[in-house]
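**Q** Work out the full structure: start from the sequences and follow the hints.
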Amino acid sequence: MRDVPKTLSITVTTPGSSGMRSVTPSTAGRQNSLEDINLDQFLKTSNYEDTVKQLDIYYGIVKRQLLRFQSPITGLFPVMSTDQQVGSVRDSVYCAAAVWSLYQAYRRIDDDRGKSYELGQSTVKCMRGILECWVKQASRVELFKKQQSNQHALHSKFHLHTGEEIYSDDLYNHLQIDVVSLYIIFLVQMITSGLQIIYTQDEVAFVQNLVYYVERAYRTPDFGMWERGSKYNNGTPEIHASSIGMAKSALEAVNGCNLFGEKGASWSVVYVDIDAHNRNRSIFETMLPRESSSKGVDASLLLTLSFPAFASHEERLVEQTKHNVITRLRSKKGFKRFSRDGFLSKFEDKNRRYYHTGEIKDFEGNECEWPLFFIVMIIDGVFKNNNEQIEEYQNELRCCLHTDAYGDPVVTMYYAPDGEGSYVRAPSQSLFLWGQSLFIIAQLLTAGLLHINELDPIRRYLPSYNRPRRAGRYSAFQAKPGTNPRVPLILDAIKGTATDLVVQIVLIAESMRLQAMMATYGIQTQTPHEVEPVQIWSSTELIKVYQHLGVNNKVALSGRPPRPVGSLGTSKVYRICGMTVLCYPLIFEVSDFYLYRDMALLIDDIKTELQFVGKYWRLSGRPTVCLLIREEHMRDPQFKEMLDLLAMLKKGYCDGMKVRIGRLQNLISSSCIEHLDFMNQSDLSDNENAFAQINHEYIGYQSLTDVPKAQTYTEEKVSVEHYNFKPTHEIIEALRNTESIYSLCQLWGILLNREGPNFEVNGLSVNQALTQLYHRAGSLRYWRAVRYCSSLLHHIVDSISPFITTVLVNGRELTVGVIGQKETVFDKPMTPAEIKNVMYTTVQPYNVIQAVLQQEVVLYCGRLIATNPSMFKGILKIRIGWVLEAMRIYLQISGQQQIDLDNLSPYQVRILLQKVLTVSEWAVEEKLTTLQRRQLEGCLCRVPKHFYNLIWEILQRTPQGISTQGHLLPASPTLTNMSRGELTFSLLVEETLICIDKPERRQITVELLRIIATILSRNPELHFKQALDLDDILCEAFSMYCKDNGIEHKEDLSPFYSLIFTETTGYLARAAVNKVLQGGALSAQDDETDANVDHVHDETCKVS
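Under the numbering used here, read the sequence shown as residues 1450 to 2553, first letter to last.
Don't take every hint at face value.
Claimed, not checked - DSSO-like, lysine-lysine: derived pairs with alpha carbons at most 30 Å apart: (1) Lys2492 <-> Lys2376; (2) Lys1771 <-> Lys1781; (3) Lys2107 <-> Lys2089; (4) Lys1799 <-> Lys1781.
Said to hold, decoys possible - Label-pair ranges, simulated between beta-carbon atoms: (5) Asn1834 <-> Lys2100: 44 to 52 Å; (6) Glu2182 <-> Ser2228: 22 to 30 Å; (7) Gly2205 <-> Asp1798: 41 to 49 Å; (8) Asp1499 <-> Lys2107: 38 to 46 Å; (9) Lys1799 <-> Thr2433: 23 to 31 Å; (10) Trp1716 <-> Ile2360: 30 to 38 Å; (11) Asp1499 <-> Gln1838: 36 to 44 Å; (12) Arg2112 <-> Gln1838: 35 to 43 Å; (13) Ser1879 <-> Asn2129: 30 to 38 Å; (14) Arg2079 <-> Gln2114: 28 to 36 Å.
No lab work stands behind these hints, which were simulated from the structure alone.
Remember, it's a predicted structure, so these values are computed and weren't measured experimentally.
All C-beta atoms in this analysis are idealised placements derived from N, C-alpha and C, irrespective of residue type, glycine included.
**A** So this is what it looks like as structure tokens:
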């Protein structure tokens, strides 16, 4: 038993009593139980009558402060009690949660005189009211599944009494993923507690579609919990950590939930895409402790990481984020929502929806303070059993309470600083219902009237492995990372981590001939016939099955969008209409894009796949991965490496991950099994789904030496550009007389541009001819021709969108484009169609092969940044054109200039990318010259740690700005519009650097700026009166070098770029000091400059 914190003493009027009385509710013991122990044992209050009396007091408060304002028609609640028009979904859910929490507390009373039932039904009315409003907008859900935009978003505000739309999409930012997620979380909590909220199959289908709605939160910029998007309040949505965290929690909560409760059937169960959940989880945890690119810290993360979402159980990350919020946003009267938040501030123009550029500077230090977050911290303290935290915030909250006309305690909505050291309190005639709801929940908890397990019946507050096991046929988030619930937990004594997660592997050979040959190498495989009655499917067949999930013609809803099934989804065993099915992963799909043809890449992908599944598996049961070995693999020159990999797997390990190869029939019992009970036999197509076995009369290959190998093809690279100016009949003649595959590709390309894809030559259309050439070049592994054809056929890498999103949420941006031409920035998640359009309009016209080669590099960057973020240290914007240039420079440096980057295999391109990204690790060992190192790092535009903060400090001392190569980085309005640590400022600086055409000059400019920053930091009295011209300083440093070494001064600075770092530092420092003495001022900074100096803002840029 543990001590219960002192509750907040509140003054209330008891119904029926004549006067005011102070009630400090009696307390009851509470224990942080890991299992579902009989609660009554811990929640017995010392005096039953006293408990009833206290509950009745709270019943009165709930009736007067919440239920009085619930619409009798829709069941919705307004934001403010005086609002008669607008019902808010978010506020309604919190009000329903408070009413429900009192319902839960009353359930322990034998005779509640009907109060419990009334409270429960009021909750149901609200939750159903929201559902009905949204069901009317089912067409929006359908559109949103295809394109996530504000125009298709479910509304967050409705007419309070009619439930009709009240604000159009143009007048209000409805796209708030966290609202739908919050609704799903509480829907599951309330159904689990026994309330019946969902009535019909139509509603079940709609909730399943709400799951599809939030699944892509990780790549959907929305307007967030504060409904305004970026902190500039200019109508721009952002990726918000709080929205992604809420979505992650909602997906975990609803997975396998029966919406009809205990009385439900198999068709009222909700399914979640485990891979969508994992993407949300990884991206959410990557973003923390930041909220978004413009908001380094935000109080909304408290509600995401604590009650009600409990979105992460990574303790270090959660504590770091909470600490950030508390230290940077906590104030006397509450928490600020985020820095420079102008909402309700005295400086905010209430007549304008959006702010002017630079206006948010006025709000700094004048942000409203919200006592709501004191309550959030009290509830957090109860869940953590931290009495000190509870008491600390209760003391803070006491100063923010007043009583209403009934004598009930009221939490002030906000306090606005008046600029003179005191505060203007929010008007007291209206109740802020969100704040009152959380206050009632906090009071019930601290009074010992409500147990945390009653407020959180699905135990979100516990890590998944400590939650009660949900019995049933459906997968559940319950396994600890690295554990199998059927096997005792073994802990690694050194790391303290679970070590016994085993990834099960089934090897499927395409034919008996292949199986026989593999057996000679000691590798046992099974053919599709041998695993029967289990069927081996492509994941595309599983997509077709899932498309039946959530279909409802009455509400005009289709099923699951045709999104790919990821690595975790293909690691489950499925039971579908009496069949048992195992799917092979996406890496074994024969796709349009050519990457699958590279055996070395496939081998690397298999290792990555197994590592990924082992690292991110969160379900009960073991993952089972199907490795498919095809006959075409056997003919590949690198098949020997594949055999080596399989031999390693046979030993039970893959790069430190435990694996077990076995017969599928033996592995099923320990697998994770998902029953897809929503399918009908009539919906299934015939057995054509299953992966087919190839049968041969001759099965005699005994070893690899017997197998006819695919030939390796080489030819001289020939350009046929001159045919662009020749008539079509000459091109057709050339096609007939040309043997060179690459020449044929180019000639067909000219015809494609001139005559179109359907132009025929000898009965063959241009498109058909290119497709044939593409497959021919692919079988010969002639990568230059493969890429050229692939580009002409407008191919796009499979599932490229999640990789771009991964780069973005790691605080980076991407650009694609050919150097010297216009680049396109990927600064927000994009659909495959948008990516395809960019590639073939901005890259292909200037370089045909780069249209696909740049896609490859984007894909590899997305994979690498997820597994090795340190490789991208100091790189803010990954410019793919420049990355390819760095790879070309490396080939020249290493004496491989005869190798054409366009003709390297995909695996070689990936290895080369890793090489140039890690230049600092091998530069000394491989004896790179300083010039070579500057060239490589300059291509990547890599900068040292805290570099962008140093530029901010230089700008503060340089009112006229910094110029280089004709480009000016202005001090004004940069310093007023932006804050030191935000991504937007860092990107502005990066844009300035990229204007420098030579990568080595770019890198030496970075060195120069660091030196100037050091000089200024050591001499606080210095500042520049003129613009800081970096080109002047570089030229002066070079002329000093020429003078010292008796060299004739030239325009070409190349000799200077080759000097070692210590030498250039000396010359640059001397030249910079001269510049300071010539154009600087040795006096204290004048008032005009002082106005520009921002105090050190602590939202330090994360790029380091």
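**Q** For a C-alpha distance cap of 30 Å, please report whether lysine 2492 and lysine 2376 respect it.
**A** holds (29 Å)
**Q** Given the range 38 to 46 Å, decide if the beta-carbon distance of aspartate 1499 to lysine 2107 lies inside it.
**A** violated (56 Å)
**Q** With a cut-off of 30 Å on the C-alpha distance, tell me whether lysine 1799 and lysine 1781 pass.
**A** holds (25 Å)
**Q** Take the C-alpha atoms of lysine 2107 and lysine 2089, compute the straight-line distance between them, and say whether it is at most 30 Å.
**A** holds (23 Å)
**Q** Are arginine 2079 and glutamine 2114 spaced within 28 to 36 Å by their CB atoms?
**A** Because 22 Å falls outside the window, the suggested range is violated.
**Q** 44 to 52 Å was suggested as the range; check whether the CB atoms of asparagine 1834 and lysine 2100 agree with it.
**A** Between asparagine 1834 and lysine 2100, where Cβ atoms are some 46 Å apart, the hint holds.
**Q** Honestly, do tryptophan 1716 and isoleucine 2360 meet the 30 to 38 Å range at C-beta?
**A** violated (50 Å)
**Q** Falls inside 35 to 43 Å, the C-beta gap from arginine 2112 to glutamine 1838?
**A** Given range 35 to 43 Å: violated, Cβ gap about 54 Å.
**Q** Are serine 1879 and asparagine 2129 spaced within 30 to 38 Å by their CB atoms?
**A** Cβ of serine 1879 to Cβ of asparagine 2129: about 53 Å, so the range 30 to 38 Å is violated.
**Q** Using the C-beta atoms of aspartate 1499 and glutamine 1838, is the stated range 36 to 44 Å upheld?
**A** Because 27 Å falls outside the window, the suggested range is violated.
**Q** Hint check: lysine 1771 vs lysine 1781, CA-CA at most 30 Å. Holds or violated?
**A** holds (17 Å)
**Q** Against the range 23 to 31 Å, how does the distance between the Cβ atoms of lysine 1799 and threonine 2433 compare: consistent or not?
**A** The hinted range 23 to 31 Å holds for lysine 1799 and threonine 2433, with Cβ atoms some 26 Å apart.
In this structure, the hints that do not hold are numbers 7, 8, 10, 11, 12, 13 and 14, in rising order.
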